[in-house]
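**Q** Sequence:
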Amino acid sequence: MIFRARALIARPQVLADVGSPAAAERARAVAYYTADPPPGTNMTFNVYKRDQVKEALNRLFAGKCAYCESAYEATQPMEVEHFRPKGEVFTASGIMLPTGYWFRASTWENLLPSCTDCNRGRWHKVGKQRYFYGKHSKFPLASPDHAVDETGIANEIPLLIDPSSEDPSTHLGFVIAPKKEVAAFAPVNAAGVEDPKGRTSIDIYGLNRPGLVKARTSRLSCFEFALRSIERGRLDAEKHKGDLTRYNEALARLRLELREVIKLYLHWKNPYAAMCRSAFHVWKERLEKQLDQAAADQPVPSMAEPA
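Okay, so the sequence shown: first residue is 11 according to my numbering, each after it adds one.
Keep in mind that the hints were calculated from the coordinates and are not lab data.
Model, not experiment: these values are computed from the prediction.
Be aware that a few hints might be false.
[Unchecked claim] What follows is a set of in silico ranges between Cβ atoms, one per label pair, in the way DEER data are often shown:
hint	residue 1	residue 2	range
1	Arg140	Asp61	15 to 25 Å
2	Pro31	Val158	19 to 29 Å
3	Lys190	Gln23	26 to 36 Å
4	Glu270	Lys190	43 to 53 Å
5	Glu234	Met53	27 to 37 Å
[What the hints assert, rightly or not] Okay, derived cross-link-like pairs now, EDC-like style, lysine to aspartate or glutamate, Cα gap no bigger than 16 Å in a straight line:
hint	residue 1	residue 2
6	Lys135	Glu83
7	Lys299	Glu241
8	Lys148	Glu176
9	Lys189	Glu259
10	Lys294	Asp213
11	Lys224	Asp246
12	Lys64	Glu98
13	Lys59	Glu35
14	Lys279	Glu83
15	Lys148	Asp177
16	Lys249	Glu234
17	Lys294	Glu241
18	Lys148	Glu83
19	Lys148	Asp213
Built from N, CA and C at the ideal position, the CB exists for glycine as well.
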């Protein structure tokens with residue numbers, strides 16, 4: 011999951027506050043949900059499905075699922091996901107509220123692009139166990155009550171990460187270790203307590219479902235191969251320090267290769283960019299330690315010897 015500020019993409023005109031199809035739909039929704047007697051079923055909304063909305067969401071997240079960062083364009087249609095569910099809502103305790111955030115059904119700030127597995131619930135087999143992953147209508151809060159109108163939204167404390175309004179890296183990390191699968195984890199504080207948003211998001215979005223872990227691990231293998239190539243390039247440059255021309259040529263090749271790695275793996279548009287960035291930091295720290303150790307191992311010239 012990677013942060014993409016909502017303001018980077020203009021609100022689609024069909025979702026404008028005034029004089030738009032969404033404004034008309036919202037007016038119908040107000041009449042529907044405030045009727046006496048109240049309705050027995052939830053209203054059907056359609057404006058959020060329009061091509062203009064899907065195109066804007068695709069630009070915002072580059073054709074990736076906002077939650078798991080899988081590229082969906084080649085295999086499945088993008089699903090427009092409501093961060094706050096427009097129909098019924100399942101609370102943290104599993105209670106179903108029949109009427110959800112209908113007043114945000116066609117609100118730009120509430121819409122995200124999602125793959126099928128993050129958006130819809132289904133069973134996944136993990137070893138000998140089966141787990142039900144997928145957001146569906148779940149929206150757990152750390153605060154007591156779910157909002158019933160726009161004025162109550164500010165008082166909510168969601169336990170799910172919205173990558174268009176906050177940086178997921180403060181709530182999520184990745185296991186980057188030799189010969190281990192790349193699992194997502196929730197950071198632990200000084201008291202040994204997991205980050206609640208990270209843990210809840212992993213469990214509900216299914217960020218460690220088997221197919222996703224396998225895809226991340228495969229991506230990491232390719233990334234690590236590219237990083238090993240950069241290390242070889244660095245060593246090659248070191249060999250030519252005595253020949254300034256060849257040394258500069260080697261450094262130029264190394265810079266080009268590093269730019270290509272950034273473009274193919276670390277740029278936000280790439281699948282699993284957040285995981286690759288975590289791996290890059292691990293690699294960089296290891297490399298810096300090696301360089302520091304190499305410098306420490308160099309003999310210190312005596313005062314009688316030329317430096």
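**Q** Does each hint fit the structure? Answer for all of them.
**A** Now the hints, each set against the structure:
no.	hint	verdict
1	Arg140 - Asp61: 15 to 25 Å	violated, 37 Å
2	Pro31 - Val158: 19 to 29 Å	holds, 24 Å
3	Lys190 - Gln23: 26 to 36 Å	violated, 47 Å
4	Glu270 - Lys190: 43 to 53 Å	violated, 26 Å
5	Glu234 - Met53: 27 to 37 Å	violated, 50 Å
6	Lys135 - Glu83	violated, 25 Å
7	Lys299 - Glu241	holds, 14 Å
8	Lys148 - Glu176	violated, 19 Å
9	Lys189 - Glu259	violated, 35 Å
10	Lys294 - Asp213	violated, 30 Å
11	Lys224 - Asp246	violated, 33 Å
12	Lys64 - Glu98	violated, 23 Å
13	Lys59 - Glu35	holds, 13 Å
14	Lys279 - Glu83	holds, 13 Å
15	Lys148 - Asp177	violated, 21 Å
16	Lys249 - Glu234	violated, 23 Å
17	Lys294 - Glu241	holds, 11 Å
18	Lys148 - Glu83	violated, 25 Å
19	Lys148 - Asp213	holds, 11 Å
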